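Asks: With the sequences and hints as input, model every part of the structure.
The primary structure of each chain is shown beneath.
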Amino acid sequence: MADAPTHMIENRTREFMRRKLTSTGLLHVVLTLFSLSLALPFVWMALTGLKTIEEAGMDTWLPEKFMWGNFARVFETKGIQFGRWYWNSLYIAAAVTFLQVLTSSMAAFSFSRLKWPGRDKVFLLYLGTMMLPWLVMMVPNYQLMIKLGIVDTYWGLIIPASFSAFGTFLLRQFMLGIPTSLDEAAEIDGATKWQLCWDVILPLARPGMITLAIFTFIGNYQSFFWPLVMMKSVHRYTLPIGLMFFDSTQGQVTNLLMAAITMSVVPMIVIFVVLQRHLVRGIQLGAVKG
Amino acid sequence: MNKTQRRDLALGLGFLAPNIIGFLVFTLGPLLFSLYLAFTNWDLRLHNMFKDEPLRFVLLENFSRMLNDPDFWQYLINTLFLMISIPFSIAGSLFAAILLSKDTDGGNNWVRKRLIAGAALVFGVSCLVLAGAGSSAIVLLIVGLAGAIMVGGTLGGTTVYRTLFFLPHFTSGVATYILWKKLYNPNTGPITTFLRPSLELTADLVNGLPAGVVQFGSWLTMALMLVLVVWGLRRFVLSWRDGEMGWISVLLGLVFLSLPPIFSCYWAQPSLTGWLVAGGGVLALLATAGIVSRGRDYTCQADEGLGNGIMLGAVLMIGQFALLGLGIVLHMLPSLATDGLETPEWLTQYDWAKPSLMFMGMWAAIGSNNMLLYLAGLSNVPGELYEAAEIDGTSSFQKFWNVTWPQLAPVTFFIVVMSTIGGLQGGFEMARVMTAGGPAGSTTTLSYYVYNEGFTTGRLGYAAGVAWAMFVLVFSVTVFNWKFGSRQIND
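These protein sequence lines map, in sequence, to chains L and V. Read in my numbering, the first sequence has 51 at position 51, and its numbers run on one by one without any break. Remember, my numbering sits 290 above the position in the second sequence when you count from 1.
Calculated from the structure, these hints are not laboratory results. Please read these numbers as outputs of a predicted model, since none were measured by experiment. Don't take each hint at face value.
As the list claims (entries may be wrong) - Example chain L residues on the side facing chain V (calculated, C-beta under 10 Å, incomplete):
no. : residue
1   : S35
2   : R113
3   : L239
Unchecked claim - Selected chain V positions facing chain L (Cβ under 10 Å, derived; list incomplete):
no. : residue
4   : L318
5   : F385
6   : A409
7   : L473
8   : R486
9   : L489
10  : E490
11  : T492
12  : G744
As the list claims (entries may be wrong) - What follows is a set of in silico ranges between Cβ atoms, one per label pair, in the way DEER data are often shown:
no. : chain 1 : residue 1 : chain 2 : residue 2 : range
13  : L       : L26       : V       : V762      : 47 to 55 Å
14  : L       : I271      : V       : L314      : 30 to 38 Å
15  : V       : G712      : L       : P207      : 23 to 31 Å
16  : V       : G712      : L       : E10       : 50 to 58 Å
17  : L       : W198      : V       : K392      : 22 to 30 Å
18  : V       : V503      : L       : A46       : 39 to 47 Å
Positions of the beta carbon are idealized from the N, C-alpha and C atoms, including for glycine.
Replies: What follows is the structure in structure tokens.
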């Protein structure tokens, strides 16, 4: 460096950096335009949710006056039990998430850490059902729910969703990545399999479990088909069914409908922004199967 | 079985128990029962508490009824039609992933500081100027938003953009479908109000042009589409001769290549142009078949170059569909424009319902898991390949076509397979929430058909039959994946 004249080096670096600045700046412009165009529907949604009902029928985007009270009014609208639906959705999704992570992690432990005759055949059976269209099972499952007498109850949504072949698969993939030397060490220390599962493997598999938990929570929060066929009473609807009910009964009240939709989308946006690192990894892990 | 084995089995099943019980009761049991159902005449209108006819085993009656039902065929075609958007969304995902994989902070502090300052400056000045010039609030809002995103992006790097790209997919569900239903509202929806002025301009323009010019444009796009077909055919023939692609690869590529002509035949039936294009496509296909059957200079395995074949076919398919759409629009423009152009009633007009749903689907699918998979794939492309290409002085398009695209072939293969499987089963939520399967069944997909038969009409046996037919479609894609997927990944 010291040999060459400093000003020449400086000039060249300057020029290189300028070029870099232009190209990176352009990249930012393109990225901004791209994300802006994808985000526009959400912008319209939030703004319409803040309009008065008269304005909601007009083609302006911005409300004259921001009606922050709309959000509260959604909860008070007659015939729309929004608070109840919100609670149902969160409650059911949370219960399913807890149960599914629990059953899946135990099953994944069995598939990845224990050796027992017939294990791989059973696992193959699990994998095989993952490739089937979910619709195939829906007709018989509904008849089963009628037989069990849990149509139009929370249990009817929670129980069938608590067992997942996909969750088992995902966590097994994850646990296979934990070194087996730990098992041996635990065995030498005289740990039982239960202790091995609970104290060694599960804490290490926590990132995988978080990923599965996010998938499950979002999947059940968004779930449409099963609640649609199962829930008959309006106060037991979950958010998606409730929003559809809102749209079909009072859809002309666009501003409140959009406020309701905004509120139903917000938890997902928050979850995604906060936990996206886990999600991104989970999606890439889930695809390893090929 | 000795004692330890028995103990192992008990232990393994013990840990598995909570899961496998549910699995047997809610997955495997219903699955087998559904298979049985598909061969019975279980129908809630015959078998209910008032009327209890015995359940009959009807062998293949459900399936023969399905195959003779014109509705089934219409719904199958609808399902396939909606899947046309898949290659477009995949291309969008790839484009997004490439943008995101680029270095956004300029590599050093000097550049980075100036980027942030520049973004903030542009943002601030444009806001001030616009506010001062008294532009409408919405312009101000959009520019403000753009500026905010850009400042965020220069500060937070790719994560900010990735989050924004991913949100439509992540939140997609009933809520966003209702949102889009409102966006598509033919009177007050923003899409309509946004398009209206530009449509008026177009109408004026078209009416001002001498007769025949627009029609000529339509013919020109169609001719271009045929050129694309012929060029693709030539590529396939050459690859076949040189032993770069086996017969499976060529065949599949040709299937993709021939889809647009077939659809133009189906879609634009009454128009001469459509028939000409379709006829030309079929002729060209026959010609290739003739050439291919003449043998070749080098031989190779049947599935050699499978990824390339599919991708070439898919890329050409995208181009063809784009040209085809343009051609159809241009063909219809002159007669429509005479009384001024109106925006269509997106979701309630037979010809527009499907494209509207597809457009919405693309919005949700661009920033999806596919984009993340492509991002991971891009980060795995060895840097030396690019360096070597740079030394050879290639353009950035050549770099993409000769380095990035082939390197991503396994990822693309996986994405195509998964999207196809998803597409075959898809469309239920959109149809239920946005269009109720209409107008005139034009958005009813197979999954919505199963729902209607199984949960509305109550023909459980028949519904199970249709669901298993869908399974056969999905399964054939899966088998294809098993047979060739691992090879693609090892290549």
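Asks: State for each hint whether it applies.
Replies: Results for each hint:
no. : hint                           : result
1   : S35                            : holds (4 Å)
2   : R113                           : holds (9 Å)
3   : L239                           : holds (8 Å)
4   : L318                           : holds (7 Å)
5   : F385                           : holds (8 Å)
6   : A409                           : holds (7 Å)
7   : L473                           : holds (6 Å)
8   : R486                           : holds (9 Å)
9   : L489                           : violated (14 Å)
10  : E490                           : violated (15 Å)
11  : T492                           : violated (19 Å)
12  : G744                           : holds (4 Å)
13  : L26/L with V762/V: 47 to 55 Å  : holds (49 Å)
14  : I271/L with L314/V: 30 to 38 Å : holds (32 Å)
15  : G712/V with P207/L: 23 to 31 Å : holds (26 Å)
16  : G712/V with E10/L: 50 to 58 Å  : holds (55 Å)
17  : W198/L with K392/V: 22 to 30 Å : violated (45 Å)
18  : V503/V with A46/L: 39 to 47 Å  : holds (44 Å)
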